[in-house]
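Work the whole structure out from these sequences, hints included.
Chains as they are written, first to last, in numbering that gives the first Met the number 0: chain V, 0 to 279; chain P, 0 to 279; chain L, 0 to 279.
Certain hints may be false.
Copies of the same chain are indistinguishable here, so a pair counts whether it falls within one copy or spans any two.
[What the hints assert, rightly or not] In silico lysine to aspartate or glutamate, EDC-like type, Cα no more than 16 Å apart, as pairs: (1) Lys275 - Glu181; (2) Lys18 - Glu201; (3) Lys18 - Asp198; (4) Lys194 - Glu7; (5) Lys261 - Asp198.
To be clear, the hints were calculated from the coordinates, so they are not data collected in a lab.
What follows is each chain in one-letter form.
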Amino acid sequence: MLGKQKIEESIIEAVKKVKTTNPMAGSITNAVTMNFVANAQLAVGGSAAMVYLPDEGEFLANAGGAMYINVGTLLPIYEETLERTGKVLHEKNKSWVLDPVAIGIGSFRTKILKRFKDFKPTIIRGNASEIIALAGLWKLDGGTSTSQVRGVDSTNLVDDAKTAAIELAKWTGGAVVASGEEDLVTDGNTVVYSKGGSDLMEKITGAGCSLGGVMAVYSAVTTPFIAALTGTQIYNLAGKRAKKRAEGPGSFQVAFLDELYKATSQDIANNYFEIKEDVK
Amino acid sequence: MLGKQKIEESIIEAVKKVKTTNPMAGSITNAVTMNFVANAQLAVGGSAAMVYLPDEGEFLANAGGAMYINVGTLLPIYEETLERTGKVLHEKNKSWVLDPVAIGIGSFRTKILKRFKDFKPTIIRGNASEIIALAGLWKLDGGTSTSQVRGVDSTNLVDDAKTAAIELAKWTGGAVVASGEEDLVTDGNTVVYSKGGSDLMEKITGAGCSLGGVMAVYSAVTTPFIAALTGTQIYNLAGKRAKKRAEGPGSFQVAFLDELYKATSQDIANNYFEIKEDVK
Amino acid sequence: MLGKQKIEESIIEAVKKVKTTNPMAGSITNAVTMNFVANAQLAVGGSAAMVYLPDEGEFLANAGGAMYINVGTLLPIYEETLERTGKVLHEKNKSWVLDPVAIGIGSFRTKILKRFKDFKPTIIRGNASEIIALAGLWKLDGGTSTSQVRGVDSTNLVDDAKTAAIELAKWTGGAVVASGEEDLVTDGNTVVYSKGGSDLMEKITGAGCSLGGVMAVYSAVTTPFIAALTGTQIYNLAGKRAKKRAEGPGSFQVAFLDELYKATSQDIANNYFEIKEDVK
Chain V
0 MLGKQKIEES
10 IIEAVKKVKT
20 TNPMAGSITN
30 AVTMNFVANA
40 QLAVGGSAAM
50 VYLPDEGEFL
60 ANAGGAMYIN
70 VGTLLPIYEE
80 TLERTGKVLH
90 EKNKSWVLDP
100 VAIGIGSFRT
110 KILKRFKDFK
120 PTIIRGNASE
130 IIALAGLWKL
140 DGGTSTSQVR
150 GVDSTNLVDD
160 AKTAAIELAK
170 WTGGAVVASG
180 EEDLVTDGNT
190 VVYSKGGSDL
200 MEKITGAGCS
210 LGGVMAVYSA
220 VTTPFIAALT
230 GTQIYNLAGK
240 RAKKRAEGPG
250 SFQVAFLDEL
260 YKATSQDIAN
270 NYFEIKEDVK
Chain P
0 MLGKQKIEES
10 IIEAVKKVKT
20 TNPMAGSITN
30 AVTMNFVANA
40 QLAVGGSAAM
50 VYLPDEGEFL
60 ANAGGAMYIN
70 VGTLLPIYEE
80 TLERTGKVLH
90 EKNKSWVLDP
100 VAIGIGSFRT
110 KILKRFKDFK
120 PTIIRGNASE
130 IIALAGLWKL
140 DGGTSTSQVR
150 GVDSTNLVDD
160 AKTAAIELAK
170 WTGGAVVASG
180 EEDLVTDGNT
190 VVYSKGGSDL
200 MEKITGAGCS
210 LGGVMAVYSA
220 VTTPFIAALT
230 GTQIYNLAGK
240 RAKKRAEGPG
250 SFQVAFLDEL
260 YKATSQDIAN
270 NYFEIKEDVK
Chain L
0 MLGKQKIEES
10 IIEAVKKVKT
20 TNPMAGSITN
30 AVTMNFVANA
40 QLAVGGSAAM
50 VYLPDEGEFL
60 ANAGGAMYIN
70 VGTLLPIYEE
80 TLERTGKVLH
90 EKNKSWVLDP
100 VAIGIGSFRT
110 KILKRFKDFK
120 PTIIRGNASE
130 IIALAGLWKL
140 DGGTSTSQVR
150 GVDSTNLVDD
160 AKTAAIELAK
170 WTGGAVVASG
180 EEDLVTDGNT
190 VVYSKGGSDL
200 MEKITGAGCS
210 LGGVMAVYSA
220 VTTPFIAALT
230 GTQIYNLAGK
240 RAKKRAEGPG
250 SFQVAFLDEL
260 YKATSQDIAN
270 NYFEIKEDVK
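Below, the structure written as structure tokens:
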């Protein structure tokens, strides 16, 4: 098990490395929030590129430091794009983040999410309901056989997803994040809870998606667990700070991007988190 | 005919009900403004989800409280998606809002908009030129046989669209809104004019689209006429207030989302509107 | 060769003409930044419309004052849409701006960019690496045979692209812009450098794309060279001013749209630029 001090040092290192090396994390992601994803990735020091086509997905999988895949607004071409891109990511052992948004809506989404079990995403990020539903789809412990997801909102609490998150992480060998009022981050061995954020994060679209994109940026320079936790920490910090400057969701979104940009590595590491459990 | 006081009470009730029940209004909408649509829907207290695929459109039509369909940036798959989704909405008697944006551009847009005559949208929202052109396409009184729409801009005044709006509302049994400097809202029996807004609303993209999305949220909890009017009222109020805080279209857009979020039910009901006509 | 005073007068005239005539510049552009492109076009006084389908592309090519084509997030339908739209633009001698973003990623992007050589874009705008790669693809002097583009970022300096820019402009008979810390604008005869902007422009997505969209708006009312330079000048001015009001990329983006809207024709003409070279 990693000690708290070692984790904080690793966070600091990851944040600095992204700012100095500007890693590219390409995305195949939903159209509603792709602008916000790209802007968040740039704000933390990464580089962004979004594509739809199969050979372009393969190109980014090969050329980028990591990748972000979000199944939000699927198009017909994605059947081929996601299959071919996922294969490259898996075969080349590339870091990638999966956001199983709106799992349970539509047959193609279900098919592709099932398929991703073989491609073992390095980081899986979703709300509690999505994490539970994905574990169920992959027939892992802690999952449920039917999705309780309503569109893109969670109807479960983060702790309901703990077993599912741990089992998913054990399967992939990577990290899993269940986002909520507190955020749970696990690598299957250690369970960490990160706090902060703001109620306004639920009043803007793309907080979760862009968090996944930012985790992909960090995963280009560090381990899945540290990448997942660093992304979670900077989001909780920036959310808390942005809330103080905001009059509503419009000004919150603006302030949030500013705070992502301004946050120092030390502040990100110092945002409150606790190691609640050593699984094994 | 509804009296002014009864209308105001219904507006107050609709606003409160949305904030307490957080209804989901899924969208099939144009890519340019889908982020703004989702953020506006969240700001007033609703929930948002956007899709492209046929079975996902059907899913949202069945699962959501209402739906928003905007024919802005059509894709090939929309031929099937809009047909199947429209059918479910009509057969299940679900509330849905149609934005016939850019009517007249392209043959597929014309075909699908003709087809929507059978599916009877609960609320139709457009600028004056779009309302006139849609009535024309549906061979109703007040319409013109050829579109005078130039891209997405109106070349007509709201009052030019009055007959078209009334006839459309009579056909659908729902409500119709012609947006302009003043906004005309009718259910085919009563014609109401709502005032406010700002000249900066024409300097940002998506003011009209997001208004349609917000009307869809309200239509999940009230009648088409009250939903259409409540959406129009909160837009006129938030536009007026945002203008005071804005230096230009960038800060206007931010302030506008804030004001959508902050507006109280009482303020929304109290925004100036007048019942100018009792049609029958 | 145009003198500096004549150029400034032409810029002033172009800015005023856009504000009074509100020209429509339709776009086929990438999904990540299309909202920002539209908002920038509106902020300077133009009108915007984005489409995906072949007959809608043709419609905009015929109906609009100019067009903007960005090959950012290609979709399968674009094969037909870009071919048919490009043909109309060329045959009808319409002004259009090409942004060869991410040239080198994927085989379809390469194919369509090769094809555009025949359609002779009125203005080509890219970063230095993209301009060099496009000249290479078109087998013109100053180009390289293999792309050194990494995703959407430039790895070259603007002056490295000078020969490529001049040769491209000579081929098209229009103007070429290589964006960078300084921006190079040429019509193949005169080379002008425009200064200003902000380091934060690299920390938001869409600065380059929206500049292309704004140039398209100006190209509806003036020559390619003046349109390219006017767009570059207003971007450098607004970037410099927005930087002063910004705490980070979020508030920068907001302030930037405000400043595009507020900039006077005189201020735009007065932004620093120098005529460094008379090519012939």
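Each hint, compared with the structure:
1. For the homomeric pair Lys275 and Glu181, the shortest alpha-carbon distance inside one copy (12 Å) is at most 16 Å, but the shortest distance between copies (52 Å) is not.
2. In this homomeric assembly, Lys18 and Glu201 come within 16 Å of each other (Cα to Cα) only across copies, at 13 Å, whereas the closest approach inside a single copy is 28 Å.
3. For a Cα distance limit of 16 Å, the shortest separation of Lys18 from Asp198 across copies, 14 Å, qualifies, whereas the shortest one inside one copy, 28 Å, does not.
4. Taking CA atoms no more than 16 Å apart as the test, Lys194 paired with Glu7 passes inside one copy only; the shortest distance there is 15 Å, against 42 Å between copies.
5. Only between protomers do Lys261 and Asp198 lie at most 16 Å apart by alpha-carbon distance; the minimum there is 14 Å, versus 21 Å within a single protomer.
Checked against the numbered hints listed earlier, the structure breaks none of them; every hint is satisfied.
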